[in-house]
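Chains as they are written, first to last, in the numbering used here: chain A, 1 to 115; chain B, 1001 to 1113.
Check before you lean on any hint, since a few could be wrong.
What the hints assert, rightly or not - Using C-beta positions, here's what the derived DEER-type ranges look like: (1) B:1015 - A:97: 38 to 48 Å; (2) B:1051 - A:14: 48 to 58 Å; (3) A:80 - B:1015: 46 to 56 Å; (4) A:56 - B:1113: 49 to 59 Å.
Read the hints as simulated data drawn from the structure, not as lab findings.
A virtual CB, placed ideally from N, CA and C, is assigned to each residue, including glycine.
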Amino acid sequence: AQTVTQSQPEMSVQEAETVTLSCTYDTSESDYYLFWYKQPPSRQMILVIRQEAYKQQNATENRFSVNFQKAAKSFSLKISDSQLGDAAMYFCAYRSLPGNTPLVFGKGTRLSVIA
Amino acid sequence: DAGVTQSPTHLIKTRGQQVTLRCSPKSGHDTVSWYQQALGQGPQFIFQYYEEEERQRGNFPDRFSGHQFPNYSSELNVNALLLGDSALYLCASSALQREETQYFGPGTRLLVL
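Make a model of the complete structure from these sequences and hints.
Encoded structure:
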């Protein structure tokens, strides 16, 4: 079974600075998807970024980018120019292929942004 | 375009009771997945519905059951509630054929006393 590990329960960053959240996963599959979801206090799980394992290029969405190291099974999220609204729980998730397989989540990292 | 909606937002029940939670998927989505998120944990997969049938199931007892309607909306039923069933229940919808990302609703917070 696949597992996702987030080793940083809590992180903090100064406003406008950069922070990196870590995620490692375990799988024997070669094709899969990886995701970062953000869950603010409102509880709604919001997709931040998605990476297809067959793509070597790291995904980027505005201030959010990933460092995907397939051989090391590592998938970190970098947030640049951090804003107060970035404060939330961040979950790393894995999904197998094909079809609509369920997401496997890590335990999350709570990010605080300091003004 | 409405996103995923869930009702109710909060619910308080006592041990042994039964509860029904509801979810309406995002427009254009035909697959609904349910997750349980205990306090301080990541979501855990309960089951998934497509074409009104349960397609996949996680490691949850059969006290947890569900249903999907022809309009793709879904219900999650939990019988004989236990204190440990207290959690945030999240519904996620997606389009099976497009292998699309799962989009989540705001969740239902269930408290069992």
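Now the hints, each set against the structure:
About 41 Å separates the C-beta atoms of residue 1015 (chain B) and residue 97 (chain A), a value consistent with the hinted range of 38 to 48 Å. Checking the proposed 48 to 58 Å range against residue 1051 (chain B) and residue 14 (chain A) shows it holds: the Cβ atoms sit about 50 Å from each other. Distance hint check: the CB atoms of residue 80 (chain A) and residue 1015 (chain B) are about 48 Å apart, consistent with the given range 46 to 56 Å. Separated by about 52 Å at the C-beta atoms, residue 56 (chain A) and residue 1113 (chain B) satisfy the suggested range of 49 to 59 Å.
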